[in-house]
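K.L.:
Sequence:
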Amino acid sequence: MNLWLIRGLILAAVLVLVRAVLGYGIYAWPESGATQRAISVVVVMIAALAWPFFDGYADAKEFEDEEDRADLTLLWLKSAGAAGVMAGFAAWLLSFVIPGIGSGNLIIEVTVGAGFMLLLLSIPAQIGILLGRFFGDRARRRSTEPEPEDEFGRHPIHAHHQKEPILAGSQRSDKHADAQHGDAQHGETQHGQTQHGDAEYAGEYRDSDFAAERATDRDDKR
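So the sequence shown is numbered by this note's numbering: it starts at 478 and just counts up by one.
Rather than coming from a laboratory, the hints here were simulated on the basis of the structure.
Where is the CB? At the ideal position from N, CA and C, for every residue including glycine.
Some hints here could point you the wrong way.
Unchecked claim - Distance ranges between label pairs, derived from CB positions:
{"#": "1", "residue 1": "Leu551", "residue 2": "Ala505", "range": "17 to 27 angstroms"}
{"#": "2", "residue 1": "Tyr504", "residue 2": "Arg617", "range": "46 to 56 angstroms"}
{"#": "3", "residue 1": "Leu570", "residue 2": "Arg546", "range": "30 to 40 angstroms"}
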C-alpha cells in the first residue's frame with residue numbers, strides 16, 4: 478500500500494472520530510457549540526502538523542543533500558485529499574446513525590466538505606514538514622564531526638578522483654613552495670654532478686695527454 482494512502486486512511490479516521498464526538502457534543506450541549514467546533518479544528522490541525530513534522534525530521538536527519546530527500550509536499554497533499562474524500566463519505570454514512578455529524582448530502586460531503594478538509598490538513602502539514610526539516614538539519618549537524626578548517630575558516634574541497642583533499646589558501650601556497658624548493662635542490666644537485674664530472678674529465682686529460690701533446694709539438698718543430 479502506498480504511503481500517501483496509509484496516511485490518508487489514518488487522517489480520515491481522525492476526522493471521522495472528531496466529527497462524531499463533535500456531533501454528539503453539539504447534540505448534548507448545544508449552547509457551547511462554537512467552543513466545541515474551535516476545539517475540534519485545533520485537534521485536527523495538531524494531528525495534521527505532528528505526523529509531517531516527524532516525516533520531515535527523519536528525512537532531513539538521514540539525507541543531507543536536498544535532491545536525495547523525499548517529496549513530502551506532494552505526499553501529504555495526496556494524503557490530505559484522500560482523507561477529505563474518505564472522511565466525507567464515512568460521515569455521510571454515519572449521519573444516519575449519529576445526528577449532527579454531517580450535512581446528509583453525499584455530493585456536498587465529497588466535494589465541498591473534502592475541499593475544506595484538504596485546506597485544513599494541507600496547510601498545517603506543509604508547516605510541519607518545514608519545521609521538521611529545520612530541526613532535522615540541526616540534529617544532523619550536531620551529531621556529525623566538524624570538518625577541518627584552515628586559518629581563514631575554509632573547508633578543504635574533496636574531489637572524487639583525488640584521495641587527498643585539495644588544500645586552499647596558504648596551505649596550498651606552502652605546499653607549492655616546498656615543491657619548487659625541492660625541484661631547485663634537485664637541479665642544483667644535477668648541476669653539481671655535471672660540474673664534478675667535467676672537472677674529473679679535465680683532470681684526466683691533463684694528467685694523461687698533456688705530456689704526449691708536448692712531445693708531438695717538439696717533434697714537429699725539429
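K.L.:
Range first: 30 to 40 angstroms. Now tell me if the beta carbons of leucine 570 and arginine 546 are that far apart.
P.N.:
Roughly 38 angstroms apart at Cβ, these two residues keep to the hinted range, so it holds.
K.L.:
Has the hinted range 46 to 56 angstroms been met by the Cβ atoms of tyrosine 504 and arginine 617?
P.N.:
Holds - the Cβ-Cβ distance for tyrosine 504 and arginine 617, about 49 angstroms, lies within 46 to 56 angstroms.
K.L.:
With 17 to 27 angstroms as the target window, see if leucine 551 and alanine 505 comply at their CB atoms.
P.N.:
Because 41 angstroms falls outside the window, the suggested range is violated.
Violated hint: 1 only; the structure is consistent with all others.
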